[in-house]
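Below are the chains, spelled out letter by letter.
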Amino acid sequence: MQTRTIGKAEDPRAPLGSPAIAVRGVTKRFDEITAVEDLSFEVRPGVVTGFLGPNGAGKSTTLRILLGLVRPDEGSATVLGMPYESLPEPTRTVGAVLETQSFNPLRSGRNHLRVLAAASRIPSARVDEVLEQVGLGAAERRRAGRYSLGMRQRLGLAGALLGDPRVLILDEPANGLDPQGIRWLRDFLRDFAAQGNAVLVSSHLLSEMAQLADEVVVIDRGRLVKQAPLHELTNGSRTLEEAFFELTQAFTEEGAR
Amino acid sequence: MKAQIASEFRKLTTTRSAFWLLAGLLLVVGIGAAGIINDEVGRNATVAIERQPFLLLPLMLSMTFTMILGIRSFTDEFRHGSIVPTLLASPDRRRVLGAKVVTVGGAAVVYAVLAFGVALAVGAVGLAAKGAHVTWSIGPLAAMGGSLVVASVLWAAIGVGVGVAVRHQVAAIVGALLWTLVGESAIDALLPDVGGYLPGSAGSAIVGVDAANLLAPGVAVAVLAGWTVLATVVGAQLMQRRDIA
Numbered sequence: 001m002q003t004r005t006i007g008k009a010e011d012p013r014a015p016l017g018s019p020a021i022a023v024r025g026v027t028k029r030f031d032e033i034t035a036v037e038d039l040s041f042e043v044r045p046g047v048v049t050g051f052l053g054p055n056g057a058g059k060s061t062t063l064r065i066l067l068g069l070v071r072p073d074e075g076s077a078t079v080l081g082m083p084y085e086s087l088p089e090p091t092r093t094v095g096a097v098l099e100t101q102s103f104n105p106l107r108s109g110r111n112h113l114r115v116l117a118a119a120s121r122i123p124s125a126r127v128d129e130v131l132e133q134v135g136l137g138a139a140e141r142r143r144a145g146r147y148s149l150g151m152r153q154r155l156g157l158a159g160a161l162l163g164d165p166r167v168l169i170l171d172e173p174a175n176g177l178d179p180q181g182i183r184w185l186r187d188f189l190r191d192f193a194a195q196g197n198a199v200l201v202s203s204h205l206l207s208e209m210a211q212l213a214d215e216v217v218v219i220d221r222g223r224l225v226k227q228a229p230l231h232e233l234t235n236g237s238r239t240l241e242e243a244f245f246e247l248t249q250a251f252t253e254e255g256a257r
Numbered sequence: 001m002k003a004q005i006a007s008e009f010r011k012l013t014t015t016r017s018a019f020w021l022l023a024g025l026l027l028v029v030g031i032g033a034a035g036i037i038n039d040e041v042g043r044n045a046t047v048a049i050e051r052q053p054f055l056l057l058p059l060m061l062s063m064t065f066t067m068i069l070g071i072r073s074f075t076d077e078f079r080h081g082s083i084v085p086t087l088l089a090s091p092d093r094r095r096v097l098g099a100k101v102v103t104v105g106g107a108a109v110v111y112a113v114l115a116f117g118v119a120l121a122v123g124a125v126g127l128a129a130k131g132a133h134v135t136w137s138i139g140p141l142a143a144m145g146g147s148l149v150v151a152s153v154l155w156a157a158i159g160v161g162v163g164v165a166v167r168h169q170v171a172a173i174v175g176a177l178l179w180t181l182v183g184e185s186a187i188d189a190l191l192p193d194v195g196g197y198l199p200g201s202a203g204s205a206i207v208g209v210d211a212a213n214l215l216a217p218g219v220a221v222a223v224l225a226g227w228t229v230l231a232t233v234v235g236a237q238l239m240q241r242r243d244i245a
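Protein chains in written order, with my numbering: chain A, 1 to 257; chain E, 1 to 245.
Be aware that one or more of the hints could be misleading.
To be verified - Here are the simulated distance ranges between beta carbons: (1) A:Arg-92 x E:Val-109: 32 to 38 Å; (2) A:Gly-56 x E:Met-1: 34 to 40 Å; (3) E:Val-109 x A:Asp-214: 52 to 58 Å; (4) E:Trp-20 x A:Gly-25: 47 to 53 Å; (5) A:Asp-214 x E:Trp-179: 52 to 58 Å; (6) E:Gly-183 x A:Asp-128: 48 to 54 Å.
It should be emphasised that the hints constitute simulated quantities derived from the structure, not laboratory data.
Only a predicted model underlies this, so the values are computations on that prediction, with no experimental measurement involved.
Built from N, CA and C at the ideal position, the CB exists for glycine as well.
Please build the complete structure, drawing on both the sequences and the hints.
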């Protein structure tokens, strides 16, 4: 993979308003289960925000609410001040990857991206650019069903980058990537944020997150445990892992009382 | 909505699924028509091709195959998870549904015309081989072909609605086939007054199947169009409200 900036990214762009992402008082119940409860946090431009929590904490549900795929029962989730579905050209503002498999396995990687490009009125030349950028150029004409897990992640990322967005929302993007891929992704996201863009990235790889995030949002059982800059959490000496377990542990005991 | 239609058209043409479904339709129509050609036709008899029973086969099968095409336009996306990037690019889900209806409707025209053409070609060759003298009346044939196109397009759109409602590919296709093959006949047997208004019977009536209980073709078009509106509006409502979790 290459670490060059893409297309228009080098052009001076208007700074993003802050917060880039705002989740305010969001509650979502699925039948009897409360997946997210009165959750509020913000994502600022210019930094990478890590979204942490145990399995089933409600991370994916929150990201889906942010992207207009799931409707919250209460509260609001906005990107650049608007609900996702009200953004005039959403994929030119927000790029997102939610699952490793989100393509028809019989379609080639390149055609998958061409389908998405058509829906957002993005020229096919841009498809070749993002394929090159994520390092899938050599596999672009193969059926995506034959891709390895890491290649699937790269294809998802290529789809997110198609519209040259200002905000990236990624659910476990490092899953299945090889060490080079993880490093490429980290460099890319840090560089992307440094240009004044916003990144919200979930992961349960805490050591990876410690190297990637500037700010951390921790949730557990659908509720906010802590939002803080990374250095404040780790307090200079603790690892993110130690801080994470301490926080979720204290949260569990508090809940039990 | 032009962008969504362009995207849907690319979906349809960048896997072979729709081509295989079409190939299957043409194969079954061809074999079926060859098998049905009237054994009673004698040498030197004069035969009006538009009155031949083997033409009913493409008429019935084309509707079934375009319905499956319509069902798959959504169930394929739910099955493979591609519904997520589709909705991220086009958050207005009704627009996505509309684009699918337009696209599979267009494909249904191709399916219907080719199926009718294959049946006519196989039939004409088969009759000629028996030494029959085949006559062609363009007017009635064009009317048959036109009604086949209308019924196939409407059934494709109904399929889109069924696909959204059921979501599971196999369940949707098997359920829809059982409905048209068994369910409607059962209702027809129990409630003969109602039977003719069911979507499958209306489709048969449009393409000119001659049987008891069937509506006049013009009325049947209106009835099937009504079912189409119902299926797509209900589908759009479900799609709009549903969480993609």
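Now for the hints, and whether the structure bears them out:
The given range of 32 to 38 Å is respected by Arg-92 (chain A) and Val-109 (chain E), whose C-beta atoms sit roughly 34 Å from each other. Checking the proposed 34 to 40 Å range against Gly-56 (chain A) and Met-1 (chain E) shows it holds: the Cβ atoms sit about 38 Å from each other. The beta-carbon spacing between Val-109 (chain E) and Asp-214 (chain A), approximately 55 Å, falls within the hinted interval of 52 to 58 Å. As the Cβ distance of Trp-20 (chain E) to Gly-25 (chain A) is approximately 50 Å, the hint placing it in 47 to 53 Å holds.
In this structure the hint that Asp-214 (chain A) and Trp-179 (chain E) lie 52 to 58 Å apart at CB holds, the actual value being about 57 Å. Checking the proposed 48 to 54 Å range against Gly-183 (chain E) and Asp-128 (chain A) shows it holds: the Cβ atoms sit about 49 Å from each other.
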